[in-house]
Each structure stands twice: as C-alpha cells, then as structure tokens.
Amino acid sequence: MLDGEYGYALETAMSVLVKLGDMYGADKMIEIDNVHVDASTYAGIHEAGLHFCKTLAKENARFRVPTTLCISAIDFSLWRQLRVPSKFAKKQRELAEAYARMGATPTWTCAPYQYGSGIRFGQDIAWAESNAIAFANSVVGARTNRYPDLVDICAALAGKVPRFGLYLKENRHGQVLLSADAIETGHLTCTDYGTLGYCIGAAVGQKIPVIKGLSPRPSVDHLKSLAAAAATSGSVALFHIIGVTPEARNSAEAFGNSAIEEKMSVGDEELQRAAMQLSTVEEGQADFVVLGCPHYSVEQIGEVAALLEGSRIRKNVEVWVFTSRMASMLARRKGYVKTIEAAGGKVLCDTCALHLPLGAWSFQTMATDSAKMAHYAPAIIGIDVVFANTAECLNYATKRQERVRSQYCKKK
Amino acid sequence: MAGKAKGEAIVATRSISFWGGIDPKTGRIIDKRSGSFGKNISGKVFVFPYGKGSSTSSAVFLEAVRCNKAPAAIVNAHTEPLLTVGAILAMKLYGKSIPVVDHVETDPCEVIANHDLVEVDADRGILMVTRARRGKK
Numbered sequence: 004m005l006d007g008e009y010g011y012a013l014e015t016a017m018s019v020l021v022k023l024g025d026m027y028g029a030d031k032m033i034e035i036d037n038v039h040v041d042a043s044t045y046a047g048i049h050e051a052g053l054h055f056c057k058t059l060a061k062e063n064a065r066f067r068v069p070t071t072l073c074i075s076a077i078d079f080s081l082w083r084q085l086r087v088p089s090k091f092a093k094k095q096r097e098l099a100e101a102y103a104r105m106g107a108t109p110t111w112t113c114a115p116y117q118y119g120s121g122i123r124f125g126q127d128i129a130w131a132e133s134n135a136i137a138f139a140n141s142v143v144g145a146r147t148n149r150y151p152d153l154v155d156i157c158a159a160l161a162g163k164v165p166r167f168g169l170y171l172k173e174n175r176h177g178q179v180l181l182s183a184d185a186i187e188t189g190h191l192t193c194t195d196y197g198t199l200g201y202c203i204g205a206a207v208g209q210k211i212p213v214i215k216g217l218s219p220r221p222s223v224d225h226l227k228s229l230a231a232a233a234a235t236s237g238s239v240a241l242f243h244i245i246g247v248t249p250e251a252r253n254s255a256e257a258f259g260n261s262a263i264e265e266k267m268s269v270g271d272e273e274l275q276r277a278a279m280q281l282s283t284v285e286e287g288q289a290d291f292v293v294l295g296c297p298h299y300s301v302e303q304i305g306e307v308a309a310l311l312e313g314s315r316i317r318k319n320v321e322v323w324v325f326t327s328r329m330a331s332m333l334a335r336r337k338g339y340v341k342t343i344e345a346a347g348g349k350v351l352c353d354t355c356a357l358h359l360p361l362g363a364w365s366f367q368t369m370a371t372d373s374a375k376m377a378h379y380a381p382a383i384i385g386i387d388v389v390f391a392n393t394a395e396c397l398n399y400a401t402k403r404q405e406r407v408r409s410q411y412c413k414k415k
Numbered sequence: 010m011a012g013k014a015k016g017e018a019i020v021a022t023r024s025i026s027f028w029g030g031i032d033p034k035t036g037r038i039i040d041k042r043s044g045s046f047g048k049n050i051s052g053k054v055f056v057f058p059y060g061k062g063s064s065t066s067s068a069v070f071l072e073a074v075r076c077n078k079a080p081a082a083i084v085n086a087h088t089e090p091l092l093t094v095g096a097i098l099a100m101k102l103y104g105k106s107i108p109v110v111d112h113v114e115t116d117p118c119e120v121i122a123n124h125d126l127v128e129v130d131a132d133r134g135i136l137m138v139t140r141a142r143r144g145k146k
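Sequence lines, in order, name chains E and P. To convert a position in the first sequence, counted from 1, into the working numbering, add 3. To convert a position in the second sequence, counted from 1, into the working numbering, add 9.
It should be emphasised that the hints constitute simulated quantities derived from the structure, not laboratory data. One or more of the hints may lead you astray.
[To be verified] Below, in silico cross-link-like pairs of lysine-lysine (DSBU-like), each with a Cα-Cα straight-line distance of 30 Å or less:
1. E:Lys94 x P:Lys78
2. P:Lys15 x E:Lys94
3. P:Lys15 x E:Lys22
4. P:Lys15 x E:Lys93
5. E:Lys93 x P:Lys101
6. E:Lys266 x P:Lys61
7. E:Lys57 x P:Lys78
8. E:Lys94 x P:Lys13
9. E:Lys93 x P:Lys34
10. P:Lys78 x E:Lys90
11. P:Lys101 x E:Lys61
12. P:Lys41 x E:Lys57
13. P:Lys105 x E:Lys90
14. E:Lys61 x P:Lys34
15. E:Lys61 x P:Lys78
[To be verified] Which stretches of chain E does chain P cover? Using the computed rule of at least three CB atoms under 8 Å from a CB of chain P, they are:
16. 19 to 25
17. 45 to 55
18. 129 to 138
19. 401 to 409
No experiment lies behind these values; they were computed from the predicted model shown. Glycine is no exception: its CB is placed at the ideal position from the N, C-alpha and C atoms.
Here chain P stands alone, though its shape is the one from the complex:
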C-alpha cells in the first residue's frame, strides 16, 4: 500500500492476528503471546513479522481505522492480504492512508527497535530509521 507516514516504532517479534490480538477500540495489543502485550499501536509504526490467523482480521483492522486507533504505518517481513485489504478500504471509506510495507531487505524486526523513529515512504520504497539514542541508520 502506497503513502507516507512517520512515527515511533512498536515492534512485536512474533506473528499476530488482529482478531483476538488487537482491541480496535483502543489500539491495545491484547494477545499475550505476541511479546508486546499491553502496548498501544495507535499512531505508531507497527513492526511485526507477518499477520496470521482469522479471516476477520481485515475487518478488525478497518474498525481500528474508524476508531482513529490504527497504526500510522505497518512494516512486515511478509504482509498477508488481510491487512492490505484493510488498508485499501481504509482509504476508500475513511480517506485515511496507512502505508503497509514488506519485503524489506533485512528483517525489520531485527533492524528496528521499540521507540526508534521510522519514516515510511511506500511510494518510493524507502524506510528510514532514526535510532532512539544512537543516530541514523
């Protein structure tokens, strides 16, 4: 999904299902096995390996958009169609652009750490990470 966004990174190191994994009304991660339980993805750049599980996830993602609790962007190692569909409809229904990027050269979950500042330019395929403490990469 195209578009630009910028925000603080939230990194989940395990795959996650939006259905039963994210509360769309608050943006909170409710999956205890995700490694990021209790964190909030709202307005953040949400980094995780890949989406899994229920086909209802696309609708949960869209509901998070409606509630203004969606992430600013999503960075995956591999994106499932579930989330792409959610992002396409977010633009159609609510005029909100949420870039979803994958196939990054290196595993984004290893390169990006929590609190890093991430700039996503999905139109040009650029991902810029500013370390929370250690300068640019």
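Just chain E, with the same shape it has in the complex:
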C-alpha cells in the first residue's frame, strides 16, 4: 500500500499512518472496523482540507470501513433561513459531495454513538472529535486513540492504523482515583454532569481518571455531557466510572492491579468554581440560547418541548436546538419539534453553533446548558456566555423570569 501500487490516495494515507506509528513506537498496523471523521466541516478544515478531500475523491479513493461524518458547517436544509452566505454553503456542499463519493455515511453528527454508528465493546476503531472519542472508549469500551483531522480520513482509506496507545489493554488502566462521594448525584442534570466533567478534565489533564461515587447510575445523556466536558478542559480520551462503564466493574478492574498514581476528590465547591469559570457574565439577558452540544438525543429534545409547551419565546431571543437528522426525525414523529417550533424555537440538524457562520445575526450574549459550548464560544464566536441549566435557559427565554443566571450546583 505504501509503495503506491494501490494509487495516490492509499499511498498518501499509508505514509501519514506509518509516520504516525513511527513517532509513537507502534509495533505493527492493525485492522479497524469503523471510522468517525471530524474533518467534516468547511469552517474547520478550510480550503486546504476541501482540496485534499476533492483530490482524493477525484482519484476514486474509497473508504474501506464504515465511516460516519461529524458535523457540517451548515444545516443542509435550513441554511438560507439561518442567513448563511451561499458561497460558504456551496463549499460545504462540495465537501459533502467528495465524502459521498468516497462512501461516507452522511450522519453529520458529533454524537454518532447515539444515532448512526454501530460500535461494540473491544472493537478497534479510529475516531476523531474529542467528545466522541471519550464516549467510544469509556462508555462503549471500543478502542481508539485521539486522531487529528485528516488522519481520520487516512485511517478510513487504509482501514488500518498503527497499534499504540489505547489499542493496548495495558494502556487503558486508570491512573487517578477521583471520588465524587461528596456530591449528591441523585438530582444532577446533564448540565451538572458537564460541570463535573469540566472539573475532572482540568484535574487530570492527559491521565485516565477512575471516578467513584456516581450513583444512581448516570444516563447515556449524562455520560455524553461528562465526556464532552472532560475532553474540553483536559485531553481526556478515556475515563472509567466504577460500576457504570464496561472496563470498571470494580476498582481492581479499572486500575488493572497497577498502582493508583494520585487520589483526588470533587465536591460542591469544585463544581461551583468550574461553573463560574464557564460563564463570562454571571447573569444577564441573552439573545441567543444554544442547546444541544453535543447533539441532543430524542429524550433531550422532548425535555425542551415539555419546557416550551404552551409558551412563547421572547421576540428578541433565538432558541436553537442542535441535533442529528436522525434524532430530529424521531422527535418530529413524537410531536416535539412541532411544539418547539410553535413556541418560536428552531430545531437544527447537521451542524454546530461554533461552525455555522453567525455574522448576519450580531448576537451579543449566549445562554447555553453545555460546558463545552460555554468554553469555546467566547473565543470562537466572540460572544459573552451564561452557562446555565436547560430549564433556567428556557424559563428566561419564555419570560417566566427576567434574566438568566449562571449555574451553581445544588448543595447537599
């Protein structure tokens, strides 16, 4: 493959993968079963990335394994309504066309593990997008390293990756024991789990945390929030939760008999501090409410519908719910989308507020229930942020309260 006998695309892909393997001392290449490509948004990969994809497609390159796509820079149906310049939309559509020719599945979601990807425990995969990597490794127990954009494409073309890092069982054991015993976890919302994840990522950096004391058992949506936030404040690619995640049925399994390097605890004080860091203004009158980072599940869209039922969103406030096309279709069938739209909100598919061109909207202040969104939005969009629970955001948006206040975790 490396010598070009399979053509330009495979030769390029293999040269990148072999070089990567050399850097990390990989012993061999291994077959992978699945790829999630993060290089899917024109706003992220720019003209050079588009050129790369178009060149590959022109060379008749084909993905060798099932490959899903992360978010797009536009909602492919509603981009005009979202005031996206048509020149920009055209670029994203060209990228979509190149991926279609290579055989990717057009999932356009950052949460492919909920709708779109079938991956199982113990499988070797190559995923990009930090929240998806953390979820696949930790919650599913599939195995992937953290892949940069464009390497994800190379892995899909080759169907192979160098074996190092998290593909090896001995590198998947926990390093830091993190006790959440002091937190009353029974009433935590997804937003609270995001705050918790943000604390954990900041505390452990690149190490593998083992969390104890999360009971009753968190839902998939809770774990999605936690994974996304931990991979935002740290480079967490894998975490274990004792009694919850599949490689941590008990402490011995999580640490694999290797010594615990460090012990920490997270309490209400740490959660409060993290929540404060995530807001640039403590309370205010947001004009842009962003929900669905990572993409909301059907159940989360249902929660929004219940909070908006029979209400009307303020005239000068936009409420945008980001999700995958698959979840949106199911939510529509359940009547949730209709309820949200009747209140004046939008349910958007395929995309992300950090990648959509928002220039035409002149938003000043965002309210969001996502720790990851709250972390990135000030730098990327250039906007103030109030980080708050979903209900707080929507109570404000529907005039049940005058201002939106930033989130503090409930005291015991």
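Dock chain P against the given chain E, drawing on the hints supplied.
Only chain P this time, still in chain E's reference frame:
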C-alpha cells in the same frame, strides 16, 4: 519531518493550538495567552514548547501552507502528531517542505530568542542558532 530551512526565530514560551491560535490566512498569532499575540509566524522558524488542543489544528496548519503563510520550520520541545501530519500533507499536496524538529538536547524556548537566525537541518539532526547580536552558539 525531514528537510532544511533557515529563518528568523519567533519564540512562543507557552503551548499553542493552531485552531483558535493562528490565523491561517495571515500567519498571525491570535491566541492572547500564547505570550506572542500579534506576531507573525509566516516564513519564520516558529519555536514553541508543544502543540495542544483541538484536533482541527492539523487542518489549520495545512491551510496556512496553502496560503503561503506557514512557518519555514517548526522547533518544539515535543511535537504533537497534529503538526507532523500537517507537514507530511504539505509535502504531498503542495510540494512544500517544512521541517519539524523536536527532542532537542536543551529546551529550545530557552536557548533560542526572538530574532535569532535559526538554521534547521532535520535530515542530519542539526540546529544552528546565530544570535541576533551576540555571535554563534
């Protein structure tokens, strides 16, 4: 990444993410916490401890190459695969060689100062620094 290059040094003493840290269209450093905000890396030998953050950095690096705004070479204490990948593809797609060197004996951010002339020969593993004022090292 192999290759030879020569240029004036730009030293950032903190880790940097190309995504949200460098504007690929101009080569300007836009990360206010990098310690080098506002400087331009285009055509320079860019010295910084290590790359961090977003996986999109590899694509931003490649875009800087396409726009002719990439550094002439990169010198790191530890290089992340993000940048190596960008450099490999720069050669493949645009025929441009941008040497990326790391594991230098001493911390490059301490040894090299802004405006020093740096010659990188990644093929032979040689890094030559000519002081902006004080002669050779």
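Hint check results:
1. E:Lys94 x P:Lys78: holds, 22 Å
2. P:Lys15 x E:Lys94: The given pair, whose Cα atoms are some 36 Å apart, is violated under the 30 Å limit.
3. P:Lys15 x E:Lys22: holds, 24 Å
4. P:Lys15 x E:Lys93: Given pair lysine 15 (chain P), lysine 93 (chain E) is violated - Cα atoms ~39 Å apart, limit 30 Å.
5. E:Lys93 x P:Lys101: holds, 26 Å
6. E:Lys266 x P:Lys61: At roughly 25 Å apart (the allowed maximum being 30 Å), lysine 61 (chain P) and lysine 266 (chain E) satisfy the hint.
7. E:Lys57 x P:Lys78: holds, 22 Å
8. E:Lys94 x P:Lys13: Not satisfied, since the Cα-Cα distance of roughly 35 Å exceeds 30 Å.
9. E:Lys93 x P:Lys34: Distance ~20 Å between lysine 93 (chain E) and lysine 34 (chain P) Cα, so the pair holds.
10. P:Lys78 x E:Lys90: holds, 23 Å
11. P:Lys101 x E:Lys61: holds, 16 Å
12. P:Lys41 x E:Lys57: violated, 34 Å
13. P:Lys105 x E:Lys90: The given pair, whose Cα atoms are some 29 Å apart, holds under the 30 Å limit.
14. E:Lys61 x P:Lys34: Answer holds: lysine 61 (chain E) to lysine 34 (chain P) is near 26 Å, not above 30 Å.
15. E:Lys61 x P:Lys78: With Cα atoms ~27 Å apart, lysine 61 (chain E) and lysine 78 (chain P) stay inside 30 Å; holds.
16. 19 to 25: holds (count 3)
17. 45 to 55: Coverage by chain P holds here, the residue count being 8 at a Cβ distance below 8 Å.
18. 129 to 138: holds (count 3)
19. 401 to 409: violated (count 0)
In the structure shown, a violation is registered for the earlier hints numbered 2, 4, 8, 12, 19, in ascending order.
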